[in-house]
Amino acid sequence: MSQVQERQKSRYDADDRGYFGGTWGGRFMPEALVAALDELTDAWHEAMADEAFVSEFERVLRDYAGTPSQLYLAERLSKKVGARVLLKREDLNHTGAHKIRNVMGQALLTKRMGKTRVIAETGAGQHGVASATAAAYFDLDCTVYMGAVDTRRQALNVARMQLLGAKVVPVESGSATLKDAINEALRDWVASVDHTAYLFGTAAGPHPFPSMVRDFCRGIGDEARAQCLDQYGVLPDAVAACVGGGSNAIGIFTAFLEDEGVEIHGFEPGGDGVETGRHAATIHAGEAGVLHGARTYVLQDEDGQTVESHSISAGLDYPGVGPQHSLLAATGRATYTPVTDAEAMDAMALLSRTEGIIPAIESAHALAGALEVAKRLGAEKGPDATIIVNLSGRGDKDMGTAIEWFGLGDAEEGPEADLDQTETVTQQ
Amino acid sequence: MTSTSAAFEKARAEDRAALIGYLPAGYPTVDGSIKALQVLVEAGCDAIEIGLPYSDPVMDGPTIQAAAQAALDGGVRTSDVLRVVEAVAGTGVPTLVMTYWNPIERYGVERWATDLAAAGGAGMITPDITPDHGSAWIEAADAHDLDKVFLVAPSSTDDRISMTATQSRGFVYAAAVMGVTGAREATSDLAGPLVRRVRASGDIPVAVGIGVSTGDQAAEVAGFADGVIVGSAFVRALLDHPDDEAAGLEALRTLTTDLAEGVRRAAR
Chain A
1 MSQVQERQKS RYDADDRGYF GGTWGGRFMP EALVAALDEL TDAWHEAMAD EAFVSEFERV
61 LRDYAGTPSQ LYLAERLSKK VGARVLLKRE DLNHTGAHKI RNVMGQALLT KRMGKTRVIA
121 ETGAGQHGVA SATAAAYFDL DCTVYMGAVD TRRQALNVAR MQLLGAKVVP VESGSATLKD
181 AINEALRDWV ASVDHTAYLF GTAAGPHPFP SMVRDFCRGI GDEARAQCLD QYGVLPDAVA
241 ACVGGGSNAI GIFTAFLEDE GVEIHGFEPG GDGVETGRHA ATIHAGEAGV LHGARTYVLQ
301 DEDGQTVESH SISAGLDYPG VGPQHSLLAA TGRATYTPVT DAEAMDAMAL LSRTEGIIPA
361 IESAHALAGA LEVAKRLGAE KGPDATIIVN LSGRGDKDMG TAIEWFGLGD AEEGPEADLD
421 QTETVTQQ
Chain B
1001 MTSTSAAFEK ARAEDRAALI GYLPAGYPTV DGSIKALQVL VEAGCDAIEI GLPYSDPVMD
1061 GPTIQAAAQA ALDGGVRTSD VLRVVEAVAG TGVPTLVMTY WNPIERYGVE RWATDLAAAG
1121 GAGMITPDIT PDHGSAWIEA ADAHDLDKVF LVAPSSTDDR ISMTATQSRG FVYAAAVMGV
1181 TGAREATSDL AGPLVRRVRA SGDIPVAVGI GVSTGDQAAE VAGFADGVIV GSAFVRALLD
1241 HPDDEAAGLE ALRTLTTDLA EGVRRAAR
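Protein chains in written order, with our numbering: chain A, 1 to 428; chain B, 1001 to 1268.
These aren't lab readings, by the way, just hints derived from the structure by calculation.
It cannot be assumed that every hint is accurate.
[As the list claims (entries may be wrong)] Below, in silico cross-link-like pairs of lysine to aspartate or glutamate (DMTMM-like), each with a Cα-Cα straight-line distance of 25 angstroms or less: (1) 111(A) - 141(A); (2) 1035(B) - 1073(B); (3) 80(A) - 372(A); (4) 381(A) - 258(A); (5) 1148(B) - 38(A); (6) 9(A) - 1132(B); (7) 375(A) - 263(A); (8) 80(A) - 380(A); (9) 1148(B) - 303(A).
Using the sequences and the hints, build the whole thing.
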């Protein structure tokens, strides 16, 4: 895919120092890590200009991860909302999410740089499992930092990582969640940087991570754009994705940024509702600040201390966001809207029952928001109006949450949530 | 305000290295931290670094994290840090704030520089800001004649060391271990070469932070550096006496005295 090599810098890209729009991103990092970040930046640039690297990355994604993922017409859902709903089936990738693209890219780069060990942070465990998978595939040592609260809640993912050969370190410091796992991984990296690569899990953090992770994930949008043109002869009217750190979103958005007729929608975790304060809608409700090395929107108090975020979806539960999203929001190129836990869970049930696809709760946020957009587009433009939703992951990992939310699992009692309840999504 | 260079000049006149002590503001309480810092001054620290507790301290090891978290849990505010600065700077010893960047950006960089200078602060040490991404702070510090202390590390290239030394005022902070803050058994053999590399790019003083916790270690580092920075060991002395303020302060005094003797007996 020479797409990577031939791609020209756009006004939405970072400058050489990692600033998007001159303001967002950058590298607010200890000097001790600067040499490693410079080395990584150089290696990434060289690799992306090297046809052998790019074609090996494509081969691994194709043969091992199962890309390109399908662009699937959800017919029953489309009928319900009166517009064409296309699902980008990243849930069908190996390990069940878009994240495999990022880790295979970063791990391949790690091998190229001659490093022997990778570290990663993880919230619910999806990026940790993907990192452990890549480490197994490429024969790298792997240590995953995970908040102690999360290791207890996600014992199954801890076991998956361990089975794949990774060491999982519970993080007790701070709030013992994802942001603290990132802090601990950075602390490890400062001491191990000569032989260790940090596989950052999202398109956030210090330069070059926001741009590099985007480049490894942008195949989602490149594929979807080509598939949509090929299958329907038109570009979509809108593209939608959920946004936590924002890797799946920037992965699908990037291909459409210069298509001015395509609306771009990011859906943030609204938790119990933004007005309750229990949410992770960073762009919608946060303010500009610096977190984990980048200037971006941050959930923070009036003294600049990071505020704990809340979401039913662990993968979106992060008080920062990738800096390119901050630029897209500030320029108005993309719109970011909160979706509550309840709306996301309704969408999870709806997709399960109308299409036989159980989405990750992360992706259910995208779907819930996208269906509202689809109804508007259908009303404006008729049933050929088209929206692509990034179905970034599958929902198996979320069955514990679903059991609790819907009251599932007891064969005698059956689910409390019936289709009538889930219809609220489309009848609002 | 007293610039940190005064502390290095005084030490140099006595043919020794300066002892620089760190404690976070607000631990165990705001007033308790003032008392503790005053003990450091009385027992022989030549300059003081006051930590501004932050929720995401990526460069700190468990000891400083624990105290900073306790301070935050106790409700310490950025404005409290300025009160601590004022009290400590009132002793006449150069007093710097060591802080991660976001609280400063949030406070307002220009407003912070104004208020820090008004409180008598000598300047600021910025562990997650390098000069090439620190123009807002550099501008404000220059306008208010505040010290700008940037860090160098063993991994820094010669070019970056030169750039950092040029942009720093007061001293250069050589973080001479590849790792987070914390007391260490042995001093690192990376420190001497790092100090020499900084000196090659100018005559600004170089202070070394390397996990020093004893007078003997201080003496060793004082043999090749202009300043010896001690943080985690002081914090540990307080953490070890959670319910007995007097005992904590006594432990601090004993440790400071030992370290102050250490920097005075170095072979130079």
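Tested hints:
1. Taking the CA atoms of residue 111(A) and residue 141(A), the gap is about 11 angstroms. The hint holds against a cut of 25 angstroms.
2. About 20 angstroms separates the Cα atoms of residue 1035(B) and residue 1073(B), which keeps this hinted pair within 25 angstroms; it holds.
3. Our distance criterion of 25 angstroms between C-alpha atoms is met by residue 80(A) and residue 372(A), whose separation comes to about 11 angstroms.
4. For the hint pairing residue 381(A) with residue 258(A), the CA-to-CA distance comes to about 22 angstroms; that is within 25 angstroms, so the pair holds.
5. Pair hint residue 1148(B) plus residue 38(A) holds up; C-alpha atoms about 24 angstroms apart against a cutoff of 25 angstroms.
6. For the given pair, residue 9(A) sits about 23 angstroms from residue 1132(B) by alpha-carbon distance, which is consistent with the 25 angstroms threshold.
7. At most 25 angstroms may separate the alpha-carbon atoms for a hinted pair to count; residue 375(A) and residue 263(A) meet this at roughly 14 angstroms.
8. Restraint check: the Cα-Cα separation between residue 80(A) and residue 380(A) comes to about 16 angstroms, which is no more than 25 angstroms; the hinted pair holds.
9. For a cut-off of 25 angstroms, the pair hint linking residue 1148(B) to residue 303(A) stands: about 22 angstroms separates their Cα positions.
In summary, the structure agrees with every hint in the numbered list given earlier.
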